[in-house]
Structures are given as structure tokens and as C-alpha cells.
Amino acid sequence: MNWLLVVPIILPFATAAATLGLKNHLRLQQQVSFFGAAIHSVAAMVLLYTISTQGILVMQAGNWPAPFGITLAADHLSGIMTLVTAVLGLATIIYSRADLAASMLESGFHPLMQILIGGVCGAFLTGDLFNLYVWFEVMLMASFGLLVLGQEKMQFDGGVKYVMLNLFSTLLFITGIGLLYGITGTLNMADLHQAVRTVPDKGLLMAVAAIFMTAFGIKAGLFPLFFWLPVSYHTPPATVSAILAGLLTKVGVYALIRMFTLVFIFDVAWTHGVLMVMAVLTMVIGVLGAAAGNDFRRILSFHIISQVGYMVLGLALFTPLALTGAIFYLMHHMIVKANLFLISGAARKAGGSFALADLGDLYKNNGWLALLFFIPAFSLAGFPPLSGFWAKMLIIKASLESQAWGSAAAAVVVGLLTVYSMTKIWGEAFWKPRPANARGLSAEAAAAAPLDRALLIPIAALAAITVFIGLIPGPFIALAEKAAFELTHPEIYVRAVLGPLP
Amino acid sequence: MEILLSLLCGTLTAAAVFLMLSGNLIRFIFGLVVATNAVNLIIFIAGGISQARPPLIPEGESLPIPPVANALPQALILTAIVIGFALLSFIFILFYRTYERLGTVETEAMRVSEPADLYQAPHAKNVADMADTGTTPANTANTANKITSGEKS
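Chains as they are written, first to last, in our numbering: chain A, 1 to 502; chain B, 503 to 655.
The following block holds chain A by itself, in its conformation from the complex (with noise of 0.2 Å):
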């Protein structure tokens, strides 16, 4: 038994449980809510440190031996994105302390935010198929109350229909799920590694591949798939958009990774050849959605599309290097997209409208603002010395040395289109002057108007982050190297959970 697994599951749980009492104390709840995301990333920090030294980490749930019972199992890849998950946690607590009313927490936006965390550790760090579903579950019923947190008209008009296509996506999901265990008679995912090479008939289990890279395509917003996001994302508070951004489409990424590193390798050539063309169609599209955008937090969602793309693209390619590109670029992307719609919020504090039209000024007003801005946007766009700069540049190289020419000019181009809506949103909200018949704010207010110290933190801190894997990408490559060399070598993750094979 390794509890250490456990705590960044139990944790988020717990303190869940904790807020939810203390519903009448709304101080108090803010603070345990804090220190339990605190504790949160501790313990994903010291889960991290002790797979990079121990190896991949694994849990029998109830002592079950492994194909029988539920496994939990952490490689480098589960342990990075755990750990980014618990930061991006903490940030947007401390970040909902200035930004949402009184009301929306009384109406439980601790305790989901907490059962998301959970949820969508539970997603990463399990090594069951089924379970992998059910967190699932659990991560999109805490994602549908905080969308809707706050009741307004064009909430519920996002959420229902981000509602739907997931239910749909989750039902895809399950299905498969049955059918897998009809054909291979077990749903542990290392096992299922094994099963798989001794299907007679392959056509079938690529029937079940595609019902999984369909399910698990609309999780993570590819591109004939990804309509649920951009009619979303922009509807609740800045808090719930930001976390929401950072994780679920990642979550996504992470299954189709693990599902299509581990168990849908037969045939990598037409799987993961589907999967390149969704990729780079997802990059382009998302892109030009973006760059036709006129509002703060619909650029940024379209800017996730394009991104993921990125990261399937690494996928698809399935080289070590491509891999690690793929990882190092979730690392990154996770981080800066949080980070700007962190930022898209506090430009609605400070300029009264998420909507380019009514902002401007910001520049003058704000001028940390937008400094804070500009190292996320442009690391997104992938300026050196930024994170994003190196997480782009393993990618292209790994498309040149595979000589994919297409996708890595592809890469290249979204790059540029990437620069350009960030430009357009600098230029607009930040460098404009402010016009005179804006919305939100009376023009004296948007000058004066000083920021919550609570806001500024989080998107310092994040910031900081991203300069800070810029300046030194060494190690957080190595990371990623590490788990990519896991992913590319399935027999390593086989045997830590089924013990040395015969």
C-alpha cells in the first residue's frame, strides 16, 4: 500500500467536506478552502519528488492484486499533472477571494471547487478504466454547478449546452468501456496493454479505439468536436473560467495520452495518423476562431483549441521527442491559459466589460497589469525566452525530425496567428484609449480604480512560474524526457502495476 497516492485524491475531499459545514462561515470556509489547496500542493510536490526518485508508484486499492482490484497508479506524467493541478488550485482560491460575490459562495463554490480538484486528480492518478470514468463523472458534476454558479442568462444558455455534448461524450466513453471488456475481458489499463496484443480481431478493436478518441476528442476540444467550449468558457465568473480552462480540456489531453500510449498501439499509423490530422485541423481552426474574436474570454477560448492541438499533435507524432513536447507543453499551457483568464478577470475589475469594444486604457490605469499580461500572451504565443517558446520548439523540431513538413509549417503559421490575436487584444483593451461610451465602468472609476491585492497575487505567482521555466527549461524538459520515456517504454508502467511478468 502507498498512501501517498491517496492524499492528493482524499485531500480535496475532505476539504469538501469541511467547506460544505462551514457554509454559514464564509470567512472561515474561504480559509480552510485555502489551506487545504495548500496542503493540497505539498503533497503533489512531495508525490512528484518521490516518483522522479522511486520510479512509477503504485496503490491495490483494498490489497486487491492488480487485475482484479482498482489500481492507482502515478508515473511522471500522472505525478506533473497533479502537481500543476494542486497549483492552479491554490492560485484561483486565493484569486476568488476578491472576485466572486458573497452570494456565489453561499451557493457552494468552495466545496465543488474542491470536489473538481479532487475529481480531476483522481482522473490522472488512476490506473483503472472504469475508475478512470468515474472521475470523470465526478470532475464534470462539479464543472456543471460552478458553470452555472451565479444564474445568469447566459450561463445556463453555456451550460446547457456544455451539458450535452460532454453527457454525450461520457456516454461514448462508457460505451467503449463495455465493449473493451467484452473483447479483453479486463479494464486495469496495464493489463489491458496486454490483453490487447492478443486480439485476434483487430478491426473491432479499432472500432473501439475510434468510440475513444471520439469520447475523449470532445473532452479535450479537437476540432470537429470542440463546440461545447467557446459558447462556455466565456459565461461564469473569471475564477470558475480560469480553472475550468486550465484543467478539464487538459484532462482530455492526459486520457488520450495514456489510452494511446498504453493500450491502442496496434496499429499506430492509421490511429495516431487520424489523430495528426484532427490535430493540426484543431490548430488551425481554434486559431482562426481566436483571431476572429472581439471579446477577452472568447479569444482566450479559442486559443485553448488551438493549443490542444499542439499537444495531440505531440501525440500523434509518438516520438520520445514529440512526447515530451507534448508533456512540457501541458506543463506550460496549463499554467499561462489559467493565468489569462485570471487576467481577463482583473481587467474586468479594472475596466468594467470582458468585451474589447469597452475596454481600453488599461495600459495607463493598470501598467502591472499589463506587465502581468504580457508575460503570459506572449508566452503563449511562444516568444523566447518564455515557456512557450521552448514547449513549441520541441514540437516543431519533433515534426521536422519525423518529417512531418505540414504540421510542422502548421505549427509555425499558428504561432504567428497566435501573436496576432494577442497583439489585438494588447493593443485593444490595454493600449486604446479608453472610448467614450463604455460600458461596465464610469471612466473616473476605470482611472482610479486600485486592484485587490488578491487578484494581483495569483497572476504574479503563475507569472512568475512561466518565466521561471522559461529562464531555466533544463530541468522541467528533463521531467518531461522522463515521462515521455515512460510513455514510449509501456512495459516499465506494465510491470509496476502487475509485478515482474513470467
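Don't read these hints as lab results, they were simulated from the structure. Please read these numbers as outputs of a predicted model, since none were measured by experiment. Fair warning: there could be bad hints in the mix.
As the list claims (entries may be wrong) - Quick list of the computed label-pair ranges, beta carbon to beta carbon:
id: 1; chain 1: A; residue 1: Phe266; chain 2: B; residue 2: Gly550; range: 16 to 24 Å
id: 2; chain 1: A; residue 1: Met206; chain 2: B; residue 2: Arg555; range: 33 to 41 Å
id: 3; chain 1: A; residue 1: Thr50; chain 2: B; residue 2: Leu565; range: 35 to 43 Å
id: 4; chain 1: B; residue 1: Ile528; chain 2: A; residue 2: Thr53; range: 53 to 61 Å
What the hints assert, rightly or not - Computed cross-link-like contacts, EDC-like style, restricted to lysine to aspartate or glutamate with a CA-CA straight-line distance of at most 16 Å:
id: 5; chain 1: A; residue 1: Lys432; chain 2: A; residue 2: Glu481
id: 6; chain 1: A; residue 1: Lys161; chain 2: B; residue 2: Glu616
id: 7; chain 1: A; residue 1: Lys153; chain 2: B; residue 2: Glu563
The beta carbon of each residue, even a glycine, is placed where N, CA and C say it ideally should be.
With chain A held as given, fit chain B onto it using these hints.
Below, chain B alone, put in the same frame as chain A:
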């Protein structure tokens, strides 16, 4: 038997997809219920249908006597039913509140989040007012059924 049940699954799925695509929230719920049951049936069939004994250990034995049925698909279905039921009750409430707030159950008429003129006239009419998600107390005070328990700040 398998073929018959598979055909039933296919019919249920087709009906569910038809209902889900019809652009009406109420029909979507019906479609979802049908689809959930179709999926549960798929798990059941995929797990293998046999006329074996239930997996119970008779008195005085330490292992069940084969052939016994595989209990795992049933356990999976049970979990899926429970989760599906929770989601369904959430959806009922969400859709009802949506109907209360937006006054329609037709998805085509729901254009609050992505208005039809979203990309046409960026300066004339923007989404700022609707993007205002009520982070100020004044806004949330308007929302119906506001949860009023607890202290106010």
C-alpha cells in the same frame, strides 16, 4: 439472443440520437434516458450472455462451482445507472431553471451566449452586458431563487 439484443441496442441508440438532435431540451432528456439504457444494454451484451449459474458460493464450498456468470458487467452497469441517475436529476433541474430564465426550450432560440450578430458588428452591440456574470452583489440580487441562507457580507 445476442443478435436480437444487439438489434435492440441499435434501435434504441438510433431513437436516442434522433431525439437528442431534435433541438428541444425536453426531447433531449428523453433521448438521454434512452441512450443511457442502450449503453447499459451494450455493456451487458458485451460482457457475454450465458445461462450459467449466479456467481454465488454454495454452502460448504470455498469456490463457486463453474460455470458461473460474470458479475462484473452487472456491477459496471449498476455504477453507470447510479451515476446516470444523478446526472439526470441534475439535468432536469438545470433545464427547468434554463427554461425559467430564458423562456424557451428550443436550442435554436438560445442565442444569449453566442448572439447571431457576434462577429458582424463588434462595436454596435457587444456582449458586455451579458458577459457580466454577476460578480457584483447588485447583479446577483436579481437572480431568482437566490440562496439566502447564511451570513451576508
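Verification of the hints:
| no. | hint | result |
| --- | --- | --- |
| 1 | A:Phe266 x B:Gly550: 16 to 24 Å | holds, 23 Å |
| 2 | A:Met206 x B:Arg555: 33 to 41 Å | holds, 35 Å |
| 3 | A:Thr50 x B:Leu565: 35 to 43 Å | holds, 39 Å |
| 4 | B:Ile528 x A:Thr53: 53 to 61 Å | holds, 56 Å |
| 5 | A:Lys432 x A:Glu481 | violated, 43 Å |
| 6 | A:Lys161 x B:Glu616 | holds, 11 Å |
| 7 | A:Lys153 x B:Glu563 | violated, 62 Å |
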